[in-house]
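Could you build the full structure based on these sequences and the hints that come with them?
Chains A and B, in that order, give the protein sequences.
What the first sequence shows, in our numbering, is residues 43 to 324, in sequence order.
What the second sequence shows, in our numbering, is residues 242 to 331, in sequence order.
Since the hints were made in silico from the structure, they are not lab data.
Hints are supplied without guarantee of correctness; some may be wrong.
[To be verified] Computed Cβ-Cβ distance ranges for the label pairs, DEER-style:
(1) A/132 / B/293: 15 to 25 angstroms
(2) A/233 / B/280: 53 to 63 angstroms
(3) A/96 / B/309: 51 to 61 angstroms
(4) B/273 / A/94: 51 to 61 angstroms
Keep in mind it's a predicted model, so treat the numbers as computed, not measured.
Ideal Cβ placement from N, Cα and C applies to all residues, glycine included.
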Amino acid sequence: MSGRPSTATGDATTAGGDATTEADPAAAAAFTVAGRALGSRLVLGTGGIASLEVLDAVVEASGSSLATVALRRVDAAGRGGILDVLRARGVAVLPNTAGCFTAAEAVLTAKLAREAFDTDWVKLEVIGDEDTLLPDAVELLDAAEQLCDQGFVVLPYTTDDPVLARRLEQVGCAAVMPLGSPIGSGLGIRNPHNIALIAERSSVPVVLDAGIGTASDATLAMELGCAAVMVATAITRSRQPVRMAGAFRAAVEAGWQARRAGRIPRRYLARASSPVEGMPEL
Amino acid sequence: MGETPVQEVPGVGASPSPSQVPSDLGVVMNGHEFVVAPGATVADLVRTWCPSPDGIAVARNREVVPRSQWGSTPLAAGDVVEIVTAAAGG
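What follows is the structure, encoded as structure tokens:
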């Protein structure tokens, strides 16, 4: 019997480049996607941010090294300034394909993003329903395959379906980003079992995306074995986004450490934590 | 070929009406109709519309026009052009 309790989802590894070597904390701390080490396991979504000034402060407080942007028409409102903020903070840009409903739209958007931002990375979103914003599995897989074949580093936003996650990995995705619950809903992780399954069985990093409501949801995601967490709305639309960004930074770190430390097994009945021997006769 | 090769069609910005646009000069850019001078290129459109070409990408008729080809890609009547950049999202 090892002194280390096993967990329902196993322990040692989660995702590509993520093998935990407890003797080497530095290696264990690296979050690597497609061979690129990212300094933080908190991926920041910029959607809903109130201003570029708030964004700058949120980026700093979050410690994030990767942030998403959307691609939209140039207009007189001065779009584009967001890039300057991210670059000045040394944050890598992860363009998304938000708003795309077909593989064709998503592929063209990814190509435009590559041209605009000089990056092969894309957070692939292909939405199937306007009310829930849930992914369209068929279009998503089609777009993922096309983009992988064209040399993109594809991080697909997907349902919490372990089989679809595996299919996305098989067509060459560099990570998978299963949802906790619908985008912007704040409902947290509705199916922790599926997230744990995906994390356990995936050989690419698993980034929990969408549905996070507050910091403890991010901790849970990490405890379930995710390699990172992506958060937008829960930070940007909170009452104090900068404070919340700091809370998420701590929450992701706490979940990561707790996962590595190994939770105790669940028991139906109590197990005394004080010694039973040596009780005085009273 | 005037000094401004790209001009928004007067009065049609809000509700474009193709009949008001000379068919040999009209293009649609980001949902608005424009008249362009013969020989005008994608680069002319970008220059007119964007303070800086940094962080910009262009699709013409649903095909990406690489930055290196903006100056050598002439606009044709009826072209549908999208010029995009980063916005908060995701």
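Outcome of the hint check:
1. A/132 / B/293: 15 to 25 angstroms: 21 angstroms, holds
2. A/233 / B/280: 53 to 63 angstroms: Since residue 233 of chain A and residue 280 of chain B have Cβ atoms about 59 angstroms apart, the given range 53 to 63 angstroms holds.
3. A/96 / B/309: 51 to 61 angstroms: With Cβ atoms ~36 angstroms apart, the hint is violated.
4. B/273 / A/94: 51 to 61 angstroms: Violated: the Cβ-Cβ distance is about 26 angstroms, outside 51 to 61 angstroms.
Violated hints, listed in ascending order, are 3 and 4; each of the other numbered hints is respected by the structure.
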